Each structure stands twice: as C-alpha cells, then as structure tokens.
Amino acid sequence: MTDFLTAPLPSWLVLSDDGVTVTLKHKADLNGVVTDKLMMRAPSVKDVMAAKIAGNGDHEKVELNLFCSLLTATEAELTALKYKDYMRLQVGYFRLVEEDDV
Numbered sequence: 001m002t003d004f005l006t007a008p009l010p011s012w013l014v015l016s017d018d019g020v021t022v023t024l025k026h027k028a029d030l031n032g033v034v035t036d037k038l039m040m041r042a043p044s045v046k047d048v049m050a051a052k053i054a055g056n057g058d059h060e061k062v063e064l065n066l067f068c069s070l071l072t073a074t075e076a077e078l079t080a081l082k083y084k085d086y087m088r089l090q091v092g093y094f095r096l097v098e099e100d101d102v
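Taking full-length UniProt numbering, the leading residue of the sequence shown gets 1, the next gets one more, and so forth.
Some hints could be false.
Derived EDC-like pairs (lysine to aspartate or glutamate); straight-line CA-CA distance at most 16 Å [stated by the list, open to error]:
(1) 46 <-> 85
(2) 61 <-> 47
(3) 27 <-> 63
(4) 37 <-> 98
(5) 46 <-> 63
(6) 82 <-> 98
(7) 82 <-> 29
(8) 37 <-> 63
(9) 25 <-> 75
(10) 82 <-> 36
(11) 61 <-> 36
(12) 84 <-> 47
(13) 46 <-> 36
(14) 52 <-> 36
It is worth saying that the hints were derived from the structure and are not from the lab. Every value quoted in this text rests on a predicted model; they were computed, and no experiment measured them.
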C-alpha cells in the first residue's frame, strides 16, 4: 500500500509553502467569480481554533468553517460544490498540513 505522503501529487493539485491550488472537476462560483481553480492558504493556529469554536464539537462544521476561512468563501458556496471537488479540497488540505519530512 502506498503511503499518503509519499505518493506523487495528483495532476489537479499544486502544493506550495503558502497553500495549495486545487483544480476542480466542475466549475464553481465563489465570490461572484466562476472558476475551475481554488487556492487554499495554509492555516494558522488561530484559524483552527476559531473553526473549532464555531463548529461546537461537530467535526463536519469545524472543517467547513475552516475551509471557508482558508478559501475566503461562504458556507453556501462550499456546500454548492460537487462532492468530488470538495473531496479534492480535503486532499489538498491534508497534504498542506501534514509534515512530510519526518
């Protein structure tokens, strides 16, 4: 079985120190702009803490609040994404925050 962090990045994912760019399978409307790429910035400790408070113990709400903050998007915009594209955001986020040189 291939380790998640040693597997090559998928073609739809570009990782940098500042964040991750995810190419969507389906175009999305965020902030009034129709796009096929989303840039998620790297989270700060403050971002994670705020999302945990807003999520009030609900893991899905915590993640959604965090992604909204990191993408500068609304909950309605993110929940309107196709599920495949949301899963791509999840993969991008976890590749972004996991330590890969341990």
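Right, here's what the structure says about each hint:
1. 46 <-> 85: 26 Å, violated
2. 61 <-> 47: The given pair, whose Cα atoms are some 14 Å apart, holds under the 16 Å limit.
3. 27 <-> 63: 21 Å, violated
4. 37 <-> 98: It is violated: about 22 Å lies between the C-alpha atoms, which goes past 16 Å.
5. 46 <-> 63: Holds: residue 46 and residue 63 sit about 14 Å apart, inside 16 Å.
6. 82 <-> 98: Cα-Cα ~25 Å, so violated.
7. 82 <-> 29: Within the cut-off at roughly 12 Å; holds.
8. 37 <-> 63: Not OK: residue 37 and residue 63 at ~19 Å, beyond 16 Å, violated.
9. 25 <-> 75: This hinted pair is violated, its Cα atoms lying about 19 Å apart.
10. 82 <-> 36: Holds, at roughly 12 Å.
11. 61 <-> 36: Not OK: residue 61 and residue 36 at ~24 Å, beyond 16 Å, violated.
12. 84 <-> 47: 24 Å, violated
13. 46 <-> 36: Given pair residue 46, residue 36 is violated - Cα atoms ~28 Å apart, limit 16 Å.
14. 52 <-> 36: Violated - the C-alpha atoms of residue 36 and residue 52 are around 29 Å apart, more than 16 Å.
Hint violations for this structure: numbers 1, 3, 4, 6, 8, 9, 11, 12, 13, 14, all remaining hints satisfied.
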